[in-house]
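Novice: So you can see what is in the structure, the chains are spelled out below.
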Amino acid sequence: MAHPVEQHLADLRARKTDLLHRDFLLTWEHSREQIEAVLSLAAVLKGLHQAGVSYRAFETGLAISIFRDNSTRTRFSFASAANALGLGLCDLDEGKSQIAHGETVRETANMISFLAEVIGIRDDMFLGEGNRYMREVGAALTEGAGAGVLHRRPSIINLQCDVDHPTQSLADLAWLKEHFGSLDQLRGRKLAMTWAYSPSYGKPLSVPQGVIGLMTRFGMEVTLAHPEGYGLIPEVLEIAKKNATESGGKFRVATSMEEAFRGADVVYPKSWAPYQVMQRRTQLLQKGDKPGLSALEKECLANSARFVDWQCDRAKMSLTRDGKALYLHCLPADISGVSCQRGEVSAEVFEQYRIPTYRQAGYKPFVISAIMYLARVKDPVARVAALVGRL
Amino acid sequence: MAHPVEQHLADLRARKTDLLHRDFLLTWEHSREQIEAVLSLAAVLKGLHQAGVSYRAFETGLAISIFRDNSTRTRFSFASAANALGLGLCDLDEGKSQIAHGETVRETANMISFLAEVIGIRDDMFLGEGNRYMREVGAALTEGAGAGVLHRRPSIINLQCDVDHPTQSLADLAWLKEHFGSLDQLRGRKLAMTWAYSPSYGKPLSVPQGVIGLMTRFGMEVTLAHPEGYGLIPEVLEIAKKNATESGGKFRVATSMEEAFRGADVVYPKSWAPYQVMQRRTQLLQKGDKPGLSALEKECLANSARFVDWQCDRAKMSLTRDGKALYLHCLPADISGVSCQRGEVSAEVFEQYRIPTYRQAGYKPFVISAIMYLARVKDPVARVAALVGRL
Amino acid sequence: MAHPVEQHLADLRARKTDLLHRDFLLTWEHSREQIEAVLSLAAVLKGLHQAGVSYRAFETGLAISIFRDNSTRTRFSFASAANALGLGLCDLDEGKSQIAHGETVRETANMISFLAEVIGIRDDMFLGEGNRYMREVGAALTEGAGAGVLHRRPSIINLQCDVDHPTQSLADLAWLKEHFGSLDQLRGRKLAMTWAYSPSYGKPLSVPQGVIGLMTRFGMEVTLAHPEGYGLIPEVLEIAKKNATESGGKFRVATSMEEAFRGADVVYPKSWAPYQVMQRRTQLLQKGDKPGLSALEKECLANSARFVDWQCDRAKMSLTRDGKALYLHCLPADISGVSCQRGEVSAEVFEQYRIPTYRQAGYKPFVISAIMYLARVKDPVARVAALVGRL
Numbered sequence: 087m088a089h090p091v092e093q094h095l096a097d098l099r100a101r102k103t104d105l106l107h108r109d110f111l112l113t114w115e116h117s118r119e120q121i122e123a124v125l126s127l128a129a130v131l132k133g134l135h136q137a138g139v140s141y142r143a144f145e146t147g148l149a150i151s152i153f154r155d156n157s158t159r160t161r162f163s164f165a166s167a168a169n170a171l172g173l174g175l176c177d178l179d180e181g182k183s184q185i186a187h188g189e190t191v192r193e194t195a196n197m198i199s200f201l202a203e204v205i206g207i208r209d210d211m212f213l214g215e216g217n218r219y220m221r222e223v224g225a226a227l228t229e230g231a232g233a234g235v236l237h238r239r240p241s242i243i244n245l246q247c248d249v250d251h252p253t254q255s256l257a258d259l260a261w262l263k264e265h266f267g268s269l270d271q272l273r274g275r276k277l278a279m280t281w282a283y284s285p286s287y288g289k290p291l292s293v294p295q296g297v298i299g300l301m302t303r304f305g306m307e308v309t310l311a312h313p314e315g316y317g318l319i320p321e322v323l324e325i326a327k328k329n330a331t332e333s334g335g336k337f338r339v340a341t342s343m344e345e346a347f348r349g350a351d352v353v354y355p356k357s358w359a360p361y362q363v364m365q366r367r368t369q370l371l372q373k374g375d376k377p378g379l380s381a382l383e384k385e386c387l388a389n390s391a392r393f394v395d396w397q398c399d400r401a402k403m404s405l406t407r408d409g410k411a412l413y414l415h416c417l418p419a420d421i422s423g424v425s426c427q428r429g430e431v432s433a434e435v436f437e438q439y440r441i442p443t444y445r446q447a448g449y450k451p452f453v454i455s456a457i458m459y460l461a462r463v464k465d466p467v468a469r470v471a472a473l474v475g476r477l
Numbered sequence: 087m088a089h090p091v092e093q094h095l096a097d098l099r100a101r102k103t104d105l106l107h108r109d110f111l112l113t114w115e116h117s118r119e120q121i122e123a124v125l126s127l128a129a130v131l132k133g134l135h136q137a138g139v140s141y142r143a144f145e146t147g148l149a150i151s152i153f154r155d156n157s158t159r160t161r162f163s164f165a166s167a168a169n170a171l172g173l174g175l176c177d178l179d180e181g182k183s184q185i186a187h188g189e190t191v192r193e194t195a196n197m198i199s200f201l202a203e204v205i206g207i208r209d210d211m212f213l214g215e216g217n218r219y220m221r222e223v224g225a226a227l228t229e230g231a232g233a234g235v236l237h238r239r240p241s242i243i244n245l246q247c248d249v250d251h252p253t254q255s256l257a258d259l260a261w262l263k264e265h266f267g268s269l270d271q272l273r274g275r276k277l278a279m280t281w282a283y284s285p286s287y288g289k290p291l292s293v294p295q296g297v298i299g300l301m302t303r304f305g306m307e308v309t310l311a312h313p314e315g316y317g318l319i320p321e322v323l324e325i326a327k328k329n330a331t332e333s334g335g336k337f338r339v340a341t342s343m344e345e346a347f348r349g350a351d352v353v354y355p356k357s358w359a360p361y362q363v364m365q366r367r368t369q370l371l372q373k374g375d376k377p378g379l380s381a382l383e384k385e386c387l388a389n390s391a392r393f394v395d396w397q398c399d400r401a402k403m404s405l406t407r408d409g410k411a412l413y414l415h416c417l418p419a420d421i422s423g424v425s426c427q428r429g430e431v432s433a434e435v436f437e438q439y440r441i442p443t444y445r446q447a448g449y450k451p452f453v454i455s456a457i458m459y460l461a462r463v464k465d466p467v468a469r470v471a472a473l474v475g476r477l
Numbered sequence: 087m088a089h090p091v092e093q094h095l096a097d098l099r100a101r102k103t104d105l106l107h108r109d110f111l112l113t114w115e116h117s118r119e120q121i122e123a124v125l126s127l128a129a130v131l132k133g134l135h136q137a138g139v140s141y142r143a144f145e146t147g148l149a150i151s152i153f154r155d156n157s158t159r160t161r162f163s164f165a166s167a168a169n170a171l172g173l174g175l176c177d178l179d180e181g182k183s184q185i186a187h188g189e190t191v192r193e194t195a196n197m198i199s200f201l202a203e204v205i206g207i208r209d210d211m212f213l214g215e216g217n218r219y220m221r222e223v224g225a226a227l228t229e230g231a232g233a234g235v236l237h238r239r240p241s242i243i244n245l246q247c248d249v250d251h252p253t254q255s256l257a258d259l260a261w262l263k264e265h266f267g268s269l270d271q272l273r274g275r276k277l278a279m280t281w282a283y284s285p286s287y288g289k290p291l292s293v294p295q296g297v298i299g300l301m302t303r304f305g306m307e308v309t310l311a312h313p314e315g316y317g318l319i320p321e322v323l324e325i326a327k328k329n330a331t332e333s334g335g336k337f338r339v340a341t342s343m344e345e346a347f348r349g350a351d352v353v354y355p356k357s358w359a360p361y362q363v364m365q366r367r368t369q370l371l372q373k374g375d376k377p378g379l380s381a382l383e384k385e386c387l388a389n390s391a392r393f394v395d396w397q398c399d400r401a402k403m404s405l406t407r408d409g410k411a412l413y414l415h416c417l418p419a420d421i422s423g424v425s426c427q428r429g430e431v432s433a434e435v436f437e438q439y440r441i442p443t444y445r446q447a448g449y450k451p452f453v454i455s456a457i458m459y460l461a462r463v464k465d466p467v468a469r470v471a472a473l474v475g476r477l
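Protein chains in written order, with the numbering used here: chain A, 87 to 477; chain B, 87 to 477; chain C, 87 to 477.
Simulated from the structure, these hints should not be mistaken for lab results.
Warning: the hint list may mix true and false statements.
What follows is a list of derived Cβ distance ranges for each label pair [stated by the list, open to error]:
(1) B:H107 / C:R469: 36 to 46 Å
(2) C:G232 / B:R142: 24 to 34 Å
(3) B:S117 / A:K102: 56 to 66 Å
Using N, Cα and C, we set each Cβ at its ideal position, and we do this for glycine too.
For reference, chain A alone in the conformation it holds in the complex:
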């Protein structure tokens, strides 16, 4: 019998890839075919790793990471992916200068890139800043490569910005594809992307934005639910609507977790800060206004406290299709009675789905590997096919 990886390879072969030497900043900037290629390649690479076959593609070369916000999981996913391709990891620590723009970015981008293949950037704190920063780095690299400063322009991979978290949403999608058997099986399935209560404050909007911007492209019926005032960036809502129309899916906004959960096949309860609060916070952070930030935090926590009922518990799960929806989370979750007094999910529901959330997370290193592979390796399909031949 054929190795299960063969089917993923066949799916990959059926798609034309066009990522070579490009950046990966927002999923909706790439064709559906390209997204499918990333997923198929990720599954192939995961299968190779499982079988103990290395997919190293470089003898040398650097993968640079720029983490403008803290991260453990994404850091390790990026490090794992870079290492698996044979790239050496080099972290740029910008120190305290949270918002470096203009001359500094233009120059630094080139100075660090002489032998780089990829640059992974995480910058999700400031609305209107993170994605812009990535494009500023990209423009500097394009200039440098055009002027012969750089032999090759590295590809930028968005490891979470203010707008999207593409390696997360792609890992989520890869897990849904595995769980339901295929991307076609997602058609018509209901997904509830809902806000959930958390005692912390200021969580970025990019996870829910990434999810509604991606899952709507695969015919899913996506419901976004949140209390009043917790809306997302309007442009991303427009993208989700347009995607749903084009893919034959649906996208709507609901005002309670219960409404979103009803009949859902998949639920994704997760806290985030209100858009308007993030805007005010960005301004205060830029001014370095500490008393203002602390007042805003107090106000925001008081406001959130009105919505402690937005918790994913057994009662709400019972509203889902046959009471058996798949629970998703990007981790770490705020688990009531475990990591906090009252949080996004009850201990009981989380424990039931704990291992599945780990498997969901397990796709991230392979999704990043796949993006790197398509962006930097010539003839990626032929090359990976040769590796599958070894199985």
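Go by the hints and put chains B and C onto chain A.
Specialist: This is chains B and C only, laid out in the frame that chain A set:
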């Protein structure tokens, strides 16, 4: 004439190895045969490196380090060993959370391990905590691998805990084996593991515990000496006694450095904190009681000051066999008149044995390499034999 | 037609190399032939990288970096070079101990070096200290290798000390060689190494010292210009004079930027602290005298403020040969109206030469690669020739 490495290879071949996919947390959890295999392989790998033959065994893969206490030497030993096997190093910086347990450990252990081969952990500050933490990580990895979250369960290597410092004691033993010619030559030799005065406070107990727990297995006559109140963990004393009985060696506790040094072939004078103090310190640290910690430090230093005579100097060395015992230290030593006013060893004695202590330390990267190799490489003996064939 | 790299390879073949297992601390400790070999090899390696041919030379091994001062660019250059040769990077973070000497250096140097091939050190803050520290490390390594502690003595590469910044000046020279077509074309060209105003304080002297110590060896007519009191280390001035005499070049000191720029082919306007101030600063730093340091800074900034006219602007550039001298800077520059109100160079001039300064910087990873290659690879010329054959 045969290359000297051939003998070590022959010794390795004569032993059955059973470390594959296992952890290495305490030397006394592994058979004497296994310890001997580690030492023989370490010597082979050291010989290969000396001859300029790489023993790289992986194309890719991560070696993760978790240093919950500061370290330079062990950090570099682990980094060197990982690099020599072809693994990329990735450090997990847990930040300020000194004691993370439960959910966090369970989740993080899996999140960082998707492409990991080994995890090296140092956690030696809290009595009753370090070794427990390692086992908690291990249990989480076992669960993750069993559930298909991890393709392969990484092996944990103890880089120093509250109970043992196995890579140190194995490096010490490797050096004794070289110095005296063979492990058999250690039979009946007297080793003095003695407390020594230091102006610092709170040094872990794991070095002396590791030494008495390991050397007693090779027929050595081990004397542990310390002032009253500076005892070690009782369970480890029991293990040392049992080991000595089984191996035909001896283990006793003495109350003066002089008594331990008399007729000794090997001396290991080294400071550590009193067991009871470490227990109180652990409680204070867990409560974050800074005034309490500072009071305890003052009390402890005042107490230690009563024992400034516990210094290894020429007069005490003259009590050893022919006045020529081998001096061991895990480094850095507190050297009187050099790194402190009054410390563990006189400048004169230290200078005489300085280079030998460097050679002792030089075994550590190869001991760690050997453990990694046995724990992660299939058919390690055949594979390394092929490399020796290249000499 | 022959690949352009062929000529650089031919130049390399024509030179005898003698760097194997040696350190690279000061350019003037190495023969002109050796300097030329480094430049030719750097150009070959750059060409290989451009063509996508790896010049990896090691399966495993560590490149250790010790940055006693902050650095982004040199850090990435060293990391890139190490990675390109196949070495794993390992950074030694000495923490707060700015001046570790004696026992600590002797011991640490050996402890980190068991599997190391190269050690890159940056230590440029203290006059009389940085270069001395590197030699102390070197002496410890020589002792360790002689005593059999180390299988191979790693080579030390000076990544900037108080005296020289050889990887910078070699990158500068490589760029001049490319720009003017050959080293022979530098003969008789006028280079203005001049002080420039900066609102910051305490910049090291090693860049101008490195430039005057190296460019005078290639027949250039070097003018050093600075306000009174901003002189360099006297010994380096002597070296520059001697070099100029031997190479048929010239070396003189001028007292205005204008004087130095007149008829210049190359200008290098760059701020540095006065020698005497650096001496006083070193003493204050060693004493940890914060009020003294702050008073000195105030005094020094007030003094520098008298020389705000020492800015490279269009008017001064018009004094150079045909108004078209090549502008050099080691980056980052203090650009008036961009990175500061008033600085080393006007925005207009900098923008005109921005891309050329990036290309100048682009030689550094390859210069460091070349030094590592010559210092650590046996038969480097034959080995690299085989790679060129693949083009």
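Novice: Kindly indicate which numbered hints from before are broken by the structure, ordering the numbers from low to high.
Specialist: Violated hints: none at all, because every hint is consistent with the structure.
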